[in-house]
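> Next come the chains, spelled out residue by residue.
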Amino acid sequence: MTRDGDDLRVRVWRGGTDGAFQDFRVPHRPDQTVLDVVTWIQRHLAPGLAYRFACRVGMCGSCAMTVNGRPRWTCRSHVADVANGGRLDIEPLANLPIIRDLVADLTPFFEKWQGARGRFVPSAGRGDPTAAIAPSEPRRRQADLAVECINCAVCYAACDVVAWNGDYLGPAALNRAWVAFNDRRDGAPEELLRAVAGDAGCHGCHSQQSCSRHCPNELDPSRSIAGLKRAGLPAWLRGGDGL
Amino acid sequence: MIETRDTDILIIGAGGAGLFAALHAHDAAPELSVSVAVKGLLGKCGCTRMVQGGYNVALAPEDSRERHFMDTIVGGKWLPRQDLAWRLIEGAIERIHELENELGCFFDRNPDGSLHQKAFAGQSFDRTVHKGDLTGIEIVNRLAEQVWARPIQRLEEHRALALIPAVGESAIAGALFVDIRTGEFLLLRAKAVLLAAGGGPTMYRYHTPSGDKACDGMAMALRLGLPLRDMEMVQFHPTGLLAGPETRMTGTVLEEGLRGAGGYLLNGDGRRFMFDYHEHGERATRDVVSRALYAEMRAGRTTPNGGAYIEMAHLGPEQVTRQFKGMVKRCADCGFDLAGGRVEVVPTAHYMMGGVEFELDTSTEVMGLFVAGEDAGGVHGANRLGGNGVANSTVFGGFAGEAMAEFVAGETTHREPDRAALDRAVAAAEHPLSAKPGDLHGLRERLEQLMWDRVGIIRDRHGLTAAAAELDQMTSELQQTGLGHQARAFNLAWHDWLNLDSQLLLSRAITRAALARENSRGAHFREDHPDEGDLTASQFTSLRLDGEERLDLAMKEVEFSIVAPGQSLIEGEAAAPPGKAAR
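Protein sequences, first through last, are from chains E and Z.
With this note's numbering applied, the first sequence covers 1 to 243.
With this note's numbering applied, the second sequence covers 1 to 583.
None of these hints come from the bench; they were simulated from the model.
Treat the hints with care, as some may be off.
[Said to hold, decoys possible] Below, simulated DMTMM-like cross-link-like pairs (lysine to aspartate or glutamate); rule was C-alpha separation at most 20 Å, straight line:
#	chain 1	residue 1	chain 2	residue 2
1	E	Lys-229	E	Asp-144
2	Z	Lys-118	Z	Glu-66
3	Z	Lys-556	Z	Glu-359
4	Z	Lys-329	E	Asp-144
5	Z	Lys-325	E	Glu-218
6	Z	Lys-329	Z	Glu-311
7	Z	Lys-118	Z	Asp-179
8	Z	Lys-329	Z	Asp-133
9	Z	Lys-325	Z	Glu-255
10	E	Lys-229	E	Glu-191
11	Z	Lys-329	E	Glu-191
12	Z	Lys-325	E	Asp-220
13	E	Lys-229	E	Asp-160
14	Z	Lys-329	Z	Glu-255
15	Z	Lys-329	E	Glu-148
16	Z	Lys-556	Z	Glu-518
17	E	Lys-229	E	Asp-199
18	Z	Lys-329	E	Glu-218
19	Z	Lys-118	Z	Glu-573
20	Z	Lys-329	E	Asp-199
21	Z	Lys-325	E	Asp-144
22	Z	Lys-325	E	Glu-148
23	Z	Lys-436	Z	Glu-406
24	Z	Lys-325	Z	Glu-311
25	Z	Lys-118	Z	Asp-133
26	E	Lys-229	E	Glu-190
27	Z	Lys-118	Z	Glu-62
Produce the complete structure using the sequences and hints provided.
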């Protein structure tokens, strides 16, 4: 913990994959997030520091970084909760290419989102009434448990399997597929199960649950992935088309 | 030599308007190349994503288009362009079905499976469709997924610098960008361009919008010579989080529902003050509560950081935590106890009702240039109803996509860009890289304080006149304030400078329009002209930038094309809670 008035000692990643930490001292304030620390450094000490943020309040997930070894939203991480003896190490998200300094390239993350068929396939049109789905329907409850993902990629950065297997679709994409699977309006559930089958899909998950421990929204992608595994099983047993 | 590329349809912005335009343009004419350029990441920046409240749409049998329309017109203090407001209300009905049935949004349901519609301030019917208090995330996530899935060109972290006209005619040729990651310029030529960069009054000390917002779109429109209307109309949300200086938490919204549920606002002495100002107390509309809170601040009855408190504990901390889970957690992450303690709040600049004048099909007076979303003006008049914002961007964004596809079908070639205009835009953007280093951060703080003090919630001629002079001074100061840092790639200081350039121009526009309006309507309150004026002779402000960077202002008559003051299309009172309205 730090005392008000003491400087924070902050190490910030500079450069690309072969970069290095740079040391800064930043005034500590009672109301201060990690994003505020990064902002202060860029405004006062290192105008060329590259970082990314947008909404400031945990709605967009643009500002996720590695803070003292752990992926987090920096806008909602209070310094008092995360600084270790007044020290902060701030790096870009792991498991993604680095653009520069604290900015990760999220392209692979969103490609895999599509790879898991992370999108709705309609079965009705704008001229039709909205589907009468009671909030108490069991499948809707499953979807509701998983739907509030803001695609910040914190789970993806925390996932051991992603680190080992570059093809693995990852927890966020599979969690999205689970939401779509439980949406009975979706017009192509078989296609969806095909997309997430296999070692790059849900069967790649080793249930380490790092995703669920790190999700800032307290979602449980590990549970969603287990659900996909179960859902795919009957089709696989039927022989079908090799789900 | 600047890299030049061609696309058929160029969309600037990727919020509700830009994403809908991309989908509709592509679906209407899949053979056309559609490009979306956005300052941040696609689907992850901008303000649609931040919508908490919901989406106004007349669906229930007891509700009607006429009722939604009257709420919008009366709420907008008779200033909205009525045919645009009507188009919004009609379009919202189809758009909500499209969002649900084709894009996969799932909004909150009643126990019988029908869409739940909640109450929202200033409306005579409970018509706001929502997904909890995170409606915008559901809408933008589902939209972005559909855009990713289509062969639509994405230019992420590409900042638009200028709209480039065609040589010798009033038509658009494309837009100049800087790729934020590399710092390189890009000229994208297009047969049709949509301006949907969003507004965002971030030039005020306390503001709600996403940090990427800087009014770039409206600034580019002014510089192209387009007229902007209703620029004095800046909506303030009464309860922004107040967490002290140098934290980006300050200004972010604590949701409207806290007051609606019975939350108290207390001044620095710990006393409830809203009933001193209005019979509805804390449940009065945004503008009334913002003005009252600001008046307490001016009287010096403030909290340690200079605002007021919101207090919920009398409703039971467990109940508050259940009902406002997201808000309570957000405050807790930031070190504040919303459920059981007091949290400091301050009014915060939220939305710009004004924007580029446009037609029903989203076209502007420059051929080939279209506009939608917060960059467009005229739908909301003097005040925007909560829930009409995301409806506006998605409805008109979709129309823009179709209009551009149709327009491009008649265009055989790309128009030739005006090289002189392009050179000027490049020189303007490069200027800070060579100018002598100065205190950019200090200049931005001075602008924010000036706008807050003089052009904010309560205005008068004296303060506005002083502000106009100081803004001119700051504008020339910015030109003398360079950057110490020369590298162009991901140079945030450069973008801070460019942001300030846009913010200063729009600050001048707001101030000029606020001086011209000598009455008080909706979001605009003149202490020296506190009455609303003659509604039947309502006028709106219309601004243009001339060749010498001066703002020309005209007052134009509002056309009551559907309904005139004193008339109504519905039984009972519009823009008042349902209890008061005859059904």
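> Give me the numbers of the hints this structure contradicts, sorted from smallest to largest.
7, 11, 20, 23
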